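Working from the sequences, and respecting the hints, build out all of it.
Number of protein chains: 2
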Amino acid sequence: MTKIAIAELESHIDETVTIGGWVDVRRDHGKLIFMDIRDGRGYVQSVVLPEHAEALEVATTLRSEDVVLIEGKVNKRPERMIKEGQQNGTIELEVLGIEILSKAQELPFDHDADLNLETLLDFRPLTLRRKEIRDIFTLQATIVQAYRWSLIQQGFMEFQAPALVGGDAEGGAEAFKVEYYKDRTAFLATSPQLYKEIMVGAFEKVFTIAKIFRGEKSATTRHLSEITQMDFELGFVKDHTDVMKVLEQVIRDVSKAVTEQHQDIFERFKTTAPAIPEQPFPVYTLAEAQEILSKEFGLTDAIGEPDMEPEHERKICEWALKEHGSDFVFITHFPTAKRGFYTHEDPENPELSYSFDLIHRGLEINSGARRLDNYDKLVAKLESKGLDPKKFHFYLQAFKFGIPPHGGCSTGLERITARMLDLKNVKEATAFPRDINRIDSLLSKEEKSTEAGKGSETEA
Amino acid sequence: MTKIAIAELESHIDETVTIGGWVDVRRDHGKLIFMDIRDGRGYVQSVVLPEHAEALEVATTLRSEDVVLIEGKVNKRPERMIKEGQQNGTIELEVLGIEILSKAQELPFDHDADLNLETLLDFRPLTLRRKEIRDIFTLQATIVQAYRWSLIQQGFMEFQAPALVGGDAEGGAEAFKVEYYKDRTAFLATSPQLYKEIMVGAFEKVFTIAKIFRGEKSATTRHLSEITQMDFELGFVKDHTDVMKVLEQVIRDVSKAVTEQHQDIFERFKTTAPAIPEQPFPVYTLAEAQEILSKEFGLTDAIGEPDMEPEHERKICEWALKEHGSDFVFITHFPTAKRGFYTHEDPENPELSYSFDLIHRGLEINSGARRLDNYDKLVAKLESKGLDPKKFHFYLQAFKFGIPPHGGCSTGLERITARMLDLKNVKEATAFPRDINRIDSLLSKEEKSTEAGKGSETEA
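Here the protein sequences come in this chain order: A and B. Numbers 66 to 525, taken from our numbering, label the letters of the first sequence in order. Numbers 66 to 525, taken from our numbering, label the letters of the second sequence in order.
Since the hints were derived computationally from the structure, they do not count as laboratory data. It is possible that part of the hints are untrue.
Derived EDC-like pairs (lysine to aspartate or glutamate); straight-line CA-CA distance at most 16 Å [as the list claims (entries may be wrong)]: (1) B:68 x A:304; (2) B:282 x A:410; (3) A:247 x B:75; (4) A:196 x A:332; (5) B:242 x A:248; (6) A:68 x B:304; (7) A:442 x A:410; (8) B:247 x A:281; (9) A:442 x A:453; (10) B:141 x B:79; (11) B:247 x A:500; (12) A:96 x A:159; (13) B:403 x B:416; (14) B:303 x A:332; (15) B:247 x A:239; (16) A:68 x B:239; (17) A:303 x B:164; (18) A:450 x A:410.
None of the values given here were measured: they were computed from a predicted structure.
See below:
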């Protein structure tokens with residue numbers, strides 16, 4: 066099946082070509098039929114003229130989402146009909162012949178129907194075909210590639226962190242339990258943290274794109290059960306600022322890639338590519354940020370809190386954009402007690418930690434820190450948190466046998482995608498989101514009660 | 066902490082520099098101490114001379130895996146002392162000062178001790194630091210990057226396939242069950258197949274690097290519970306050969322990358338980079354391959370079998386290398402009944418399918434096919450396999466609403482890594498392998514019986 070990509074049609078003017086794709090829209094204009102045809106990367110307007118009677122006859126039977134092969138002639142549009150800045154805006158495809166490869170059933174709604182998120186997700190295999198939803202995942206693919214590319218350029222090595230783990234490392238109640246070979250129990254990883262640290266012991270600078278799983282009981286616009294984390298960790302840092310430097314370079318590289326490649330997407334989403342300052346990203350300690358929130362926005366209740374509320378994250382981003390021309394702002398020095406057990410305290414003020422969040426357009430998209438690296442301190446810390454060091458004996462080997470001062474951080478792929486496009490809910494930035502109510506389809510009430518009553522036999 | 070990478074030392078001859086790393090080996094030679102120092106990517110031999118008394122005093126206290134910062138002078142070696150083809154073989158670092166960042170406890174064994182796989186895995190955080198094990202994961206990182214790069218060059222878009230799924234899609238008994246929010250059940254994905262097909266409906270050519278999970282009851286040298294699959298799928302294929310063309314290009318690109326970057330690794334593993342023929346990879350139908358096995362190797366029992374035994378895979382690879390100079394060989398047309406329900410039959414002989422395996426140095430590393438694309442046929446096929454189409458209603462939308470003829474395949478990252486380096490067991494090519502007996506540490510018998518007796522409370 067020799068077909069050319071629709072995105073390449075403009076370099077075939079006056080040629081007869083074959084394209085393959087989906088009928089995006091069909092419009093009957095009396096004796097003419099116009100069809101927008103879509104393939105993996107392209108859109109083109111085609112026209113079926115009365116003189117091609119056979120093609121016209123087929124065209125009248127077509128509906129949206131039918132898959133066709135079209136033989137057609139690439140005609141230059143008259144000057145006044147050119148659609149500036151649009152893919153294939155300078156041409157139109159004159160249809161000479163149509164072969165139907167797959168007939169679609171009648172769609173439950175048009176591609177431009179205004180749907181709520183629940184319906185968008187119920188019909189995901191269909192709604193993924195909408196232009197604005199294809200845009201989201203096209204941008205997301207660029208983000209993840211640029212993220213990796215930047216880390217590789219900075220000397221990091223990729224590794225595969227495990228999803229199945231033996232214990233709930235952080236002792237939280239959020240880890241999902243797995244029935245492992247019937248009579249054993251495993252858990253799903255809530256973070257690749259411990260494995261990153263082990264890998265630093267061997268490779269110094271490592272990254273992983275890892276799935277993590279969190280049994281968040283609350284259905285919010287910022288939480289998912291299954292998350293794609295872009296994690297890195299490096300040795301020989303003096304403190305968290307060395308981690309922030311690497312991350313800032315990554316974010317600059319990612320922003321450059323999306324700015325260069327996806328202006329059209331940002332326009333369709335009525336937003337812009339991220340604002341990146343010439344100066345380094347603004348950095349505030351949590352206390353400094355709270356001071357700003359209080360003084361500039363009257364949010365006096367922010368003062369002294371151990372973390373930032375969503376409203377605080379939004380306001381500090383407003384401030385960073387206004388004062389520094391930056392869509393990214395670092396907040397540092399969160400209370401040691403509020404971060405993971407592996408977080409390094411600030412030696413000058415052990416109540417606070419060498420930790421940071423990166424906030425983008427009102428949402429924390431990354432969290433990082435320098436980590437503890439002293440074996441004895443780490444064991445003492447585990448004990449003080451009520452965790453049993455014996456359960457960490459595998460991990461603790463990395464510390465027993467020499468590990469440099471190190472740190473790292475983790476970016477949520479769905480969160481950064483959602484904020485770049487100003488999406489209301491991270492689920493919109495997840496091709497197949499899982500939450501307390503949904504795995505592909507809504508989890509039914511009936512199933513829920515059956516399950517609770519008789520164990521775990523249902524597969525649906 | 067301004068340190069330079071050890072791999073860059075040769076461009077700093079006669080300069081005084083600071084490096085950071087691990088003491089790989091220390092050798093006392095009377096009044097001199099030699100130390101091999103290792104960082105993320107490099108090794109260098111350093112020497113502590115008597116005239117640097119303070120450094121010498123520190124050096125006498127050092128043991129393997131201590132982490133140090135070393136100030137030193139980069140000296141060119143005399144001509145006769147140059148180690149040809151070795152990183153930093155032209156220089157030696159004269160140690161001027163040593164700062165200890167992390168003391169290692171005494172190692173349970175030397176880095177060059179001959180250990181069995183169980184011990185290598187029990188002490189993974191330590192044994193990952195061995196040169197030959199670092200080699201494995203360095204090569205693996207190159208494989209996965211080259212694989213992705215090739216697919217991106219060929220117009221494929223990356224997406225994130227889910228690990229948590231609502232049902233065991235293929236109806237096998239191998240899927241692990243997850244306790245999902247206490248009263249619901251989810252499963253771990255055994256394949257991203259259905260999601261790839263959904264994505265083809267939207268993006269035409271897609272790939273994903275996805276974790277899959279299989280409750281393999283047998284502990285073999287080729288099976289793992291958690292596997293990294295490199296999967297792609299594309300629309301508008303005529304049959305499986307269009308998929309094979311894309312895959313062959315990917316494998317050529319991967320082989321080129323490892324050949325160019327890792328000759329030293331292949332040498333250390335006493336093997337070579339994969340042999341790639343100038344001609345296309347050899348392709349045999351299963352029947353043709355069995356004919357060769359019978360005629361050339363006396364394996365008459367191969368004839369008529371529905372699949373290939375490990376011994377058959379090894380022999381057909383011997384043949385392909387001898388006759389075609391290829392370390393890769395395609396086997397096609399497996400019985401339809403033996404492949405996934407979504408596999409397209411060969412219309413000229415529906416007992417056989419448009420399927421293929423790619424075998425590399427005696428092991429199947431990839432499996433692929435053209436898929437069914439007709440909605441009614443797919444539903445009928447599900448029913449004939451005893452599967453309930455209702456449980457597939459989400460997935461089936463992709464077929465209801467127009468999907469082109471399509472196909473794809475899946476490469477096991479651990480398998481291709483293991484075969485390239487001639488490793489006996491795929492676990493050696495997995496940083497943190499999981500199997501029926503192990504998640505990081507061995508799962509204890511005691512735990513097993515406790516678990517079976519009282520439910521699932523133990524976390525260790």
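Verification of the hints:
{"no.": "1", "hint": "B:68 x A:304", "verdict": "holds (15 Å)"}
{"no.": "2", "hint": "B:282 x A:410", "verdict": "violated (45 Å)"}
{"no.": "3", "hint": "A:247 x B:75", "verdict": "violated (55 Å)"}
{"no.": "4", "hint": "A:196 x A:332", "verdict": "holds (13 Å)"}
{"no.": "5", "hint": "B:242 x A:248", "verdict": "holds (12 Å)"}
{"no.": "6", "hint": "A:68 x B:304", "verdict": "holds (15 Å)"}
{"no.": "7", "hint": "A:442 x A:410", "verdict": "holds (11 Å)"}
{"no.": "8", "hint": "B:247 x A:281", "verdict": "holds (12 Å)"}
{"no.": "9", "hint": "A:442 x A:453", "verdict": "holds (14 Å)"}
{"no.": "10", "hint": "B:141 x B:79", "verdict": "holds (7 Å)"}
{"no.": "11", "hint": "B:247 x A:500", "verdict": "holds (13 Å)"}
{"no.": "12", "hint": "A:96 x A:159", "verdict": "holds (14 Å)"}
{"no.": "13", "hint": "B:403 x B:416", "verdict": "holds (10 Å)"}
{"no.": "14", "hint": "B:303 x A:332", "verdict": "violated (37 Å)"}
{"no.": "15", "hint": "B:247 x A:239", "verdict": "holds (11 Å)"}
{"no.": "16", "hint": "A:68 x B:239", "verdict": "violated (40 Å)"}
{"no.": "17", "hint": "A:303 x B:164", "verdict": "holds (14 Å)"}
{"no.": "18", "hint": "A:450 x A:410", "verdict": "holds (15 Å)"}
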